[in-house]
Amino acid sequence: MSQESDTLQDGGGSVRIVTAPIDVARVIASVAGPESGAISVFLGTVREESLGQRVLFLEYEAYLPMAEHELRAIVRLLPVEFGPSRVAIEHRLGRLEIGETSVAIAVASPHRRVAIAACAEAIERVKKTVPIWKKEHFEGGAVWIEGDARSPAVRGGVVAGGGGRDRD
Amino acid sequence: MVRVVYFASLRDRAGSASTEEVVPPGATAASLWEAIRSRPAFQGVASRPGFAVNGAWAGPDAVLVDGDELGLLPAVSGG
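From first to last, the protein sequence lines are chains P and F. Everything in the first sequence is counted per my numbering, starting at 1 for the first residue and increasing by one. Everything in the second sequence is counted per my numbering, starting at 1001 for the first residue and increasing by one.
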């Protein structure tokens, strides 16, 4: 997972899938402009706990380029549905440590209500429609998070009878 | 041949990121998934994954033709 997409402009908005740390200030700057009266920002960050278990780190993977296409659809549709606005979404893949930013969303609009509502809807859509998955690593194991379900993950991707390769 | 790509726990089960599958005429996303699910490595998969054909969300009845790519997508968990 070494893919690092170029910034893709879409109706004044942009999407980016990266493996390096997200520069939140740059994401905000990408939507800012003289017509903006408000910029709403959402950051998803890596929590140290999941269902009572201590999380060591997370791993994110994506289906590319579909994930970029789905992000672009969100960026394109929100201004149509919520009103004049410019949306930027940046999602990180690979290994993320506790406290790091996994996703940054910035929405600029002439008016705060549009910015706040569109930003809230953006993260909901990311979590429903964009083919990205997280794996939670704990002491002694890991699980894939798949919607509301949790599936034990196979360390190194090797399963009985499979021609697995070590991904770590 | 249809290229099937696996993600998250389904890739762990497949043991690789993708496989090449021969499909009969008229095969659909759901019918190919059922064939894959019958293999030992996929025993116990609780729910049907989402489908993507050539990189776009597709319904279970989407018809597959040679050269297509079928993504088997567990419920997503980005963000």
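These aren't lab readings, by the way, just hints derived from the structure by calculation. A couple of the hints might just be wrong.
[To be verified] Over 10 Å on every C-beta distance to chain P, these chain F residues come out as not near it, computed from the model:
| id | residue |
| --- | --- |
| 1 | Arg1003 |
| 2 | Val1005 |
| 3 | Phe1007 |
| 4 | Asp1012 |
| 5 | Glu1020 |
| 6 | Glu1021 |
| 7 | Ala1027 |
| 8 | Thr1028 |
| 9 | Glu1034 |
| 10 | Arg1037 |
| 11 | Ala1056 |
| 12 | Asp1061 |
| 13 | Ala1062 |
[Said to hold, decoys possible] Facing chain F, from chain P, some residues (calculated, C-beta under 7 Å):
| id | residue |
| --- | --- |
| 14 | Val103 |
| 15 | Val130 |
| 16 | Ile145 |
| 17 | Ser151 |
[Said to hold, decoys possible] Label-pair restraints from in silico Cβ distances:
| id | chain 1 | residue 1 | chain 2 | residue 2 | range |
| --- | --- | --- | --- | --- | --- |
| 18 | P | His137 | F | Gln1043 | 44 to 52 Å |
| 19 | P | Val24 | F | Ala1056 | 41 to 49 Å |
| 20 | F | Gly1026 | P | Gly94 | 20 to 28 Å |
All of these numbers come straight from a predicted model, not from anything done at the bench. Positions of the beta carbon are idealized from the N, C-alpha and C atoms, including for glycine.
Item checked: Verdict on Arg1003(F) as a residue remote from chain P, using beta-carbon distances over 10 Å -> It holds; Arg1003(F) is separated from chain P by about 13 Å at its closest Cβ, greater than 10 Å.
Next item on the list: Given the range 44 to 52 Å, decide if the beta-carbon distance of His137(P) to Gln1043(F) lies inside it.
Entry: Violated, at about 25 Å.
Next item on the list: Given the range 41 to 49 Å, decide if the beta-carbon distance of Val24(P) to Ala1056(F) lies inside it.
Entry: violated, 30 Å
Checklist line | Closest CB of chain P to the CB of Ala1056(F) still more than 10 Å away | finding: violated, 7 Å
Margin query: Given Val103(P) as an interface hint, is its Cβ closer than 7 Å to any Cβ of chain F?
Written below: holds, 5 Å
Notebook entry, point to check: Against chain P, does Glu1020(F) keep a CB gap of more than 10 Å to every residue?
Noted result: At about 13 Å from chain P, Glu1020(F) clears the 10 Å cut-off, so the statement holds.
Next item on the list: Hey, is Glu1021(F) genuinely clear of chain P, shortest beta carbon separation above 10 Å?
Entry: holds, 15 Å
Check: Asp1012(F) clear of chain P by more than 10 Å, beta carbon to beta carbon?
Finding: Label violated. Min Cβ-Cβ 4 Å, cutoff 10 Å.
Notebook entry, point to check: If you check the beta carbons of Gly1026(F) and Gly94(P), does the distance land in 20 to 28 Å?
Noted result: violated, 40 Å
Notebook entry, point to check: Taking 10 Å as the cut and beta carbons as the points, is Asp1061(F) off the interface with chain P?
Noted result: It holds; Asp1061(F) is separated from chain P by about 20 Å at its closest Cβ, greater than 10 Å.
Item checked: Whether Phe1007(F) stays farther than 10 Å from all C-beta atoms of chain P, as the label says -> Contrary to the label, Phe1007(F) does not stay out of reach of chain P, its closest Cβ about 6 Å off (not over 10 Å).
Notebook entry, point to check: Are all C-beta atoms of chain P more than 10 Å from that of Val1005(F)?
Noted result: violated, 7 Å
In summary, the structure is inconsistent with hints 2, 3, 4, 11, 18, 19, 20 from the numbered list given earlier, while agreeing with the others.
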